[in-house]
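Protein chains: 2
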Amino acid sequence: MSSVELKNPALTSSSGGSVVVSVDAMGGDRGPTAVISGIAESAAENPDIRYIVHGPQAELERLIAQHSGLSARCTIRDAAGVVTMSDKPSQVVRNGDGTSMWSTIDSVRTHEASVAVSCGNTGALMALSMIRLRKLPGVNRPAIACLWPSRNPQGFNIMLDVGADIRADAPDLLQYALMGSAYCRNGLGVERPRIGLMNVGTEEHKGKAELKLAGELISKAAADANFEYIGFVEGGDLASSKVDVIVMDGFTGNIALKAGEGTAKLVGEFLKDAFSNSILSKFAALLAMTSLKRLQRRIDPRRVNGGVFLGLNGTVVKSHGSADSTGVAAAIRLAVQLVQSGFQDRLAARVAQSATSIEDGPEQSATAQQADQPVSENKA
Amino acid sequence: MSSVELKNPALTSSSGGSVVVSVDAMGGDRGPTAVISGIAESAAENPDIRYIVHGPQAELERLIAQHSGLSARCTIRDAAGVVTMSDKPSQVVRNGDGTSMWSTIDSVRTHEASVAVSCGNTGALMALSMIRLRKLPGVNRPAIACLWPSRNPQGFNIMLDVGADIRADAPDLLQYALMGSAYCRNGLGVERPRIGLMNVGTEEHKGKAELKLAGELISKAAADANFEYIGFVEGGDLASSKVDVIVMDGFTGNIALKAGEGTAKLVGEFLKDAFSNSILSKFAALLAMTSLKRLQRRIDPRRVNGGVFLGLNGTVVKSHGSADSTGVAAAIRLAVQLVQSGFQDRLAARVAQSATSIEDGPEQSATAQQADQPVSENKA
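Just so you know, the protein sequences line up as chains B and A, in that order.
According to UniProt numbering, the first sequence is numbered sequentially starting from 1.
According to UniProt numbering, the second sequence is numbered sequentially starting from 1.
Any given hint could be a false lead.
[To be verified] Examples of chain A residues toward chain B, derived with CB under 7 Å:
| id | residue |
| --- | --- |
| 1 | Leu217 |
| 2 | Lys220 |
| 3 | Thr252 |
| 4 | Gly260 |
For the record, the hints were derived by calculation from the structure and aren't laboratory data.
Where a beta carbon is used, it is the ideal one built from N, C-alpha and C, also for glycine.
All chains should be modelled from the sequences, with the hints used to inform the complete structure.
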């Protein structure tokens, strides 16, 4: 297992047994070939993982047989139906039984698998996850959290929500702060995460009224939940070292994430143009190959592939629809790391105790504060 | 005048006389020194511009005297007050008389100058512009439009609103489409601009209800206003060659713009790191210097410095607060190009005729369609 991406030592220690990952082989832009190749990469780098793979039996058997030794680690669940990128979430919830996506989620629901991974339609995956896994007690709107390359020591900032729900009112944004803080502590090893609230300016009078209210709620919750609230941040702070977790509604988060990704891609293309411009620049590119490859790795979205659905009874990792085998392997790696950190149980405890704390008053705060510490306490 | 940035040949032809630009010397992060140096750069590249410069008389006289021949082309308007970045727009509107920003806008109001340029507080500048210049007949919410490097032949896409108003309902978004289309036609020389509406997905069922309504309104207006409506676009399409003008509310636009700018900056830093990593990579950087400089120019925000306020009785160009002399000169160049293209009068005609067209029915459409064609018709 690579320890480059996620630095928390707790994450690299095995939980003792093997982890079972439920993988949707269908629905990605590159089809099941890329997904099965990603499983093979994952299997090669970590012998402790077993896979339940969902899709058309015959096709999956054929693809898995192409990778030596892989079939022994995979259980195939036959599912003929495929959720496409254009399917409406509401239709998938009504008619999706029999699809590979439904089957993938159900393996987590029945506790056969500890975590689910899919490259499919995000909206459908979230809708199915909500219906089949149900929301954690105390959570109103689940969120999708993703990692963004940053100037921080841990190498990443967490952004949420990046598209689970286009709406979020002030109490929802507070929950995003609690969930993002737990993810940052357990996933990135940041003891006391700094939370920022996305707005169009850092001054207190800027932005929407509901953001002012959310800021007040988050600020009040900071001491109990053991995070620091740093106030408003701006779009330019995605990679900032002054913040660890950036909270926003899913409409804003989706557009900010894609604007950032699109710009990184644009600059990468401009860079390629610049280096193919003359004989001299081509020669320079050859000389600088190692450095350029290092740069490419730093801005490669496949390296941080995987949005995590937060706020459900079970962990679901959404891989990019266009993920290749490396991207799929990265998403599985993230899924396994979250399982091994005991993140899901800690998050559930955090949200439940925070809800209790709000109902029962501040005397509950000592218990709540210990809920998701990254130490070897009992899980739930 | 450089013709690299804006390719419409109409823009590089002189209007016959000199253009008077009203420049706020105060309120930028780098103070009046950078602004006066920017004016000097602008004066050196274009002999047809005169400047009314606003700020403390003695200081401005001293700074202008440092540039040979500049004082003959500048009129100083003494203004002791300065609007700071932290001043609230509402306060500036009440108490801002006597500030350099107020005085700068008033030179356009009294028609002494054709266009205003300021590096100051965006919110205050928009509030003052609205109060002193007033909105164009038919416009509900003015917008700030900016240029974004793109893969299009014209080299840029237009984004609006990037921060004039955090709200926009469907009819406002329609007006942004009309204004952005006029700016694109007259400013970038695109005969029939393609308009996209920013959303979290391109499918018709995605996103907020008000965006669906806005899409219908924009689609209906497309034929009369001579643009093409291409439907929803996403954050990743800022630089896309499938669209020329991207329409969104000012909250979304501000965050998308800053997320893109911040990412370009991050990748630039990573690139610098990559090339200072080893002796070999440093040598490669030396060899590739010309290509790297070309890349830097392509992603340099100073090159496209200047958000344009659309929907007012007068043109105001907002330069970046952190603009240096090159950035200020670029903002003045954009301001002069807009004046020389007759953009303001064409925009006014477009919005007024569009409003008439909506009131009077489709028989007005032939007139409306001719309102902002980039030909040498009479202005207004």
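Structure-based check of all given hints:
1. Leu217: 20 Å, violated
2. Lys220: 24 Å, violated
3. Thr252: Nearest chain B Cβ about 6 Å off; hint holds.
4. Gly260: It holds, given that the least Cβ distance between A/Gly260 and chain B is near 4 Å, below 7 Å.
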